[in-house]
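Using the sequences and the accompanying hints, generate a full structural model.
Residue numbers (the working numbering), protein chains in the order written: chain A, 1 to 76; chain B, 1 to 169.
Everything labelled a hint here was simulated from the structure, so no lab data went into it. Relax, there's no trap hidden among the hints.
Here are the simulated DSBU-like pairs of lysine-lysine, each with C-alpha atoms no more than 30 Å apart in a straight line:
no.: 1; chain 1: B; residue 1: K63; chain 2: A; residue 2: K5
no.: 2; chain 1: B; residue 1: K135; chain 2: B; residue 2: K168
no.: 3; chain 1: B; residue 1: K168; chain 2: A; residue 2: K35
no.: 4; chain 1: A; residue 1: K43; chain 2: B; residue 2: K165
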Amino acid sequence: MSLVKPAMRGLLGKRLRFHLPIAFALSLVAAAGFKYMVTEPRKQAYAEFYRNYDAAKEFNNMREAGIFESVRPSGE
Amino acid sequence: MLAARALRLVGRRAISTSVCVRGGHGVAKVDDYALPAYFDRRENPLPEIRYVQDLSSEQKSLKEKEKGSWATLSNEEKIALYRISFKQSFAEMNQGSAQWKSVVAGMFFFFGLTGLVVLWQRKFVYGPVPHTFEKEWKEKELQRMLDMRVNPVEGFSSQWDYENKQWKK
Chain A
1 MSLVKPAMRG
11 LLGKRLRFHL
21 PIAFALSLVA
31 AAGFKYMVTE
41 PRKQAYAEFY
51 RNYDAAKEFN
61 NMREAGIFES
71 VRPSGE
Chain B
1 MLAARALRLV
11 GRRAISTSVC
21 VRGGHGVAKV
31 DDYALPAYFD
41 RRENPLPEIR
51 YVQDLSSEQK
61 SLKEKEKGSW
71 ATLSNEEKIA
81 LYRISFKQSF
91 AEMNQGSAQW
101 KSVVAGMFFF
111 FGLTGLVVLW
121 QRKFVYGPVP
131 HTFEKEWKEK
141 ELQRMLDMRV
151 NPVEGFSSQW
161 DYENKQWKK
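Structure, rendered in structure tokens:
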């Protein structure tokens, strides 16, 4: 009956020393992943969209489609 | 004379308690659940009472031997003393069971049953959907959304090719 005496102390410390670095690393990876896979492409998409955006032309297209109530299509 | 003899038989302490019972409210009845109980819990490793309350004669002699030096106890005696005090060891109480399979099976069964109930409801309880769900209405709705340029940067209208009047490939 010579069992090894189990660890009685330092259990939380041991767990933290193991899990905290992993948690920090994974959080940083998640943040970096989100930045470079979501926010950067989104910023690029918006930049592309507005680079050659002609607001007046778009407005006229919308007007002709008849969605506005204040300005009806030019035909009417 | 008779009273004195009666007093000697009953004893002084008993007289006082019997006086209490007669004059006061008596001793409260102790319910079973109020007494200390034994249970095997990982969080509570030392229960309030021993597991085996009524010791047999050999268990009693073992308990007497325990009062001496423990080096004289053999391994079997140590295990016997353990089993007097505890019902299950930590290994026994922590072992898993196959109960989760029944639980998952029950879950799936009730999902299925609920699905059938929902189907029946859809057929026999609910009325017709609003007219805005008709095909023609939905086509007009879609066209209006494209005309309004809903989410033109990354969303809905960004997938429509306005020159060729079709969805982008």
